Amino acid sequence: MIRQITEYNFAYLDEQTKRMIRRAILKGLAIPGYQVPFASREMPMPYGWGTGGVQVSAATLTPDDTFKVIDQGADDTTNAVSIRKFFENTAGVATTEETAKATIIQTRHRIPEAKLTEDQILVYQVPIPEPLRFLEPRETETRKMHSLEEYGLMHVKLYEDISQHGAISTAYAYPVKVSGRYVMDPSPIPKFDNPKLEMDAIQLFGAGREQRIYAVPPHTKVVSLDFEDHPFEATKADHPCSLCGAEDSYLDEVIMDDAGNRMFVCSDTDYCRSRREAGHVGRLAEESAA
Amino acid sequence: MTPLLQVKGIGKRYGARIGCTDVSFDLYPGEVMGIVGESGSGKSTLLNCLAGHLEPDAGQVIFETRANGPVDTVTMSEPERRMLGRTDWAFVHQHARDGLRMSVSAGGNIGERLMAVGDRHYGNIRHKAIDWLGRVEIEAERVDDRPTAFSGGMQQRLQIARNLVTGPRLVFMDEPTGGLDVSVQARLLDLLRGLVREMALSAIIVTHDLAVVRLLADRLMVMKDGRVVEAGLTDQVLDDPQHVYTQLLVSSVLQV
Chain U
63 MIRQITEYNF
73 AYLDEQTKRM
83 IRRAILKGLA
93 IPGYQVPFAS
103 REMPMPYGWG
113 TGGVQVSAAT
123 LTPDDTFKVI
133 DQGADDTTNA
143 VSIRKFFENT
153 AGVATTEETA
163 KATIIQTRHR
173 IPEAKLTEDQ
183 ILVYQVPIPE
193 PLRFLEPRET
203 ETRKMHSLEE
213 YGLMHVKLYE
223 DISQHGAIST
233 AYAYPVKVSG
243 RYVMDPSPIP
253 KFDNPKLEMD
263 AIQLFGAGRE
273 QRIYAVPPHT
283 KVVSLDFEDH
293 PFEATKADHP
303 CSLCGAEDSY
313 LDEVIMDDAG
323 NRMFVCSDTD
333 YCRSRREAGH
343 VGRLAEESAA
Chain F
27 MTPLLQVKGI
37 GKRYGARIGC
47 TDVSFDLYPG
57 EVMGIVGESG
67 SGKSTLLNCL
77 AGHLEPDAGQ
87 VIFETRANGP
97 VDTVTMSEPE
107 RRMLGRTDWA
117 FVHQHARDGL
127 RMSVSAGGNI
137 GERLMAVGDR
147 HYGNIRHKAI
157 DWLGRVEIEA
167 ERVDDRPTAF
177 SGGMQQRLQI
187 ARNLVTGPRL
197 VFMDEPTGGL
207 DVSVQARLLD
217 LLRGLVREMA
227 LSAIIVTHDL
237 AVVRLLADRL
247 MVMKDGRVVE
257 AGLTDQVLDD
267 PQHVYTQLLV
277 SSVLQV
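Same order as they appear, the protein sequences are chains U and F. If you use my numbering, the first sequence corresponds to residues 63 to 352, in order. If you use my numbering, the second sequence corresponds to residues 27 to 282, in order.
Hints were generated in silico from the structure; no laboratory data involved. All of these numbers come straight from a predicted model, not from anything done at the bench. Heads up, some of the hints might be wrong.
Computed, partial: chain F to chain U, Cβ under 10 Å [as the list claims (entries may be wrong)]:
id : residue
1  : Pro105
2  : Arg108
3  : Arg112
4  : Val143
5  : Tyr148
6  : Arg161
Calculated from the model, a selection of chain F residues having no Cβ within reach of chain U, i.e. all distances over 12 Å [unchecked claim]:
id : residue
7  : Ile44
8  : Thr99
9  : Ser129
10 : Asn135
11 : Asp145
For each residue, glycine too, the CB sits at the ideal point set by N, CA and C.
Generate coordinates for the entire structure from the input sequences, incorporating the hints supplied.
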């Protein structure tokens with residue numbers, strides 16, 4: 063008789079796989095910024111949809127955890143909703159949209175605006191973990207460059223930016239040096255988020271297709287690369303949020319009509335909602351109330 | 027005067043076949059050594075062994091470093107060797123495409139070595155890049171163009187600028203004029219000769235073109251089947267060849 067599998071193992075992956083991933087995570091934490099190869103599994107979602115982040119989350123989740131997923135800062139986009147549902151089904155963990163209540167936050171392309179604490183883990187989905195990839199296509203060579211700390215090439219990219227655009231035009235996936243040693247791709251977060259990479263929470267990065275895991279332990283020095291005469295600058299759209307009036311958050315631009323009207327809103331939906339609940343009002347909210 | 031480079035008994039085999047064997051010579055500061063020979067005679071193998079691109083099976087390559095005096099580059103650690111490769115050494119490839127980053131602008135190509143040794147000031151890097159473009163006779167306005175937009179001769183000159191910007195003391199050149207038409211060759215040789223004299227560079231030039239060594243090299247080694255068959259002052263070797271193969275080589279040059 064064929065035995066029917068009626069239930070998933072906790073958090074989908076089998077225990078041996080989780081053990082393997084945890085070892086990679088621990089190694090990554092021991093060598094901040096170093097890309098640890100791991101035997102990435104097929105996940106029930108396409109590559110590019112966060113298979114790396116999902117595997118890291120699966121290996122870190124415990125039944126007591128509260129899980130939050132954001133995609134470009136939002137809790138209600140396709141990617142976030144489907145991954146949240148995935149772990150509700152396979153792990154049965156509590157989920158939340160409130161940043162402060164979550165113990166594990168899986169993110170695509172943003173760091174939440176609210177300050178994270180020592181009790182939290184931030185898991186990034188990473189498409190291309192190798193910061194030198196577009197300059198040096200050979201994996202053997204990039205590994206050698208990392209091991210010998212030959213990072214001059216990274217500045218060649220920034221040089222090209224300035225020579226073509228007059229300023230460092232790299233606006234996301236801005237390369238950083240971790241703990242004075244490894245140059246790391248912080249995943250495609252806007253460079254506005256780069257200063258936040260020095261935080262109290264543990265940061266784990268998972269790249270499923272590229273089979274790499276890397277990590278930044280709490281309170282680790284993370285420096286954005288720059289030139290002496292063109293220093294790093296964290297930039298955002300020069301507007302307040304149209305809904306909550308926040309001037310310190312990263313904004314999405316939304317086209318309203320074909321007459322040139324647009325609005326800028328917080329990309330972090332939880333941050334925006336909590337501010338509105340606390341009574342902050344932006345330009346558009348004022349107009350609709352009037 | 028101590029030699030800048032002492033080569034002692036270098037040999038490299040490819041399985042049972044000989045790449046080069048038992049090559050020894052000294053190179054003094056400011057001296058240009060030419061290595062000539064037919065295709066397959068082992069000159070490129072020798073050059074790659076000297077420059078650290080290939081690991082020789084036998085022998086020593088002792089380089090007079092600025093900091094620690096004479097050091098055997100064959101046994102030194104790889105980080106040290108790669109550091110030499112972008113500071114005191116330069117390597118000019120036969121095909122400029124091998125030595126350039128084709129997707130990076132001319133200025134970025136020249137600046138790469140500067141940034142690799144720690145220069146982090148954009149204005150300085152750019153100023154030096156434009157200065158070097160001028161020294162290899164490329165207009166300053168081409169600084170933001172990619173090498174793909176350059177002619178073969180310009181690419182080769184750009185490769186030379188990119189290599190010399192950190193003020194190396196020893197330049198390895200593998201057929202630097204190969205594949206260029208004669209008028210461009212002449213201009214490039216003129217430029218190289220000027221730079222070698224002006225910067226007091228030592229150089230090892232591998233070529234099969236006797237005119238190149240006649241113009242540039244102080245001394246000459248003739249290789250055949252992986253061995254050095256004749257060595258001496260360039261004019262002496264070319265005007266009074268002793269070895270049968272050298273005589274053949276000299277008499278094979280077409281006269282216009």
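Taking the hints in turn, this is what the structure says about them:
{"no.": "1", "hint": "Pro105", "verdict": "holds, 5 Å"}
{"no.": "2", "hint": "Arg108", "verdict": "holds, 6 Å"}
{"no.": "3", "hint": "Arg112", "verdict": "holds, 8 Å"}
{"no.": "4", "hint": "Val143", "verdict": "holds, 7 Å"}
{"no.": "5", "hint": "Tyr148", "verdict": "holds, 4 Å"}
{"no.": "6", "hint": "Arg161", "verdict": "violated, 19 Å"}
{"no.": "7", "hint": "Ile44", "verdict": "holds, 28 Å"}
{"no.": "8", "hint": "Thr99", "verdict": "holds, 16 Å"}
{"no.": "9", "hint": "Ser129", "verdict": "violated, 8 Å"}
{"no.": "10", "hint": "Asn135", "verdict": "violated, 8 Å"}
{"no.": "11", "hint": "Asp145", "verdict": "violated, 8 Å"}
In terms of the numbered hints stated before, the structure departs from hints 6, 9, 10, 11, listed from lowest to highest.
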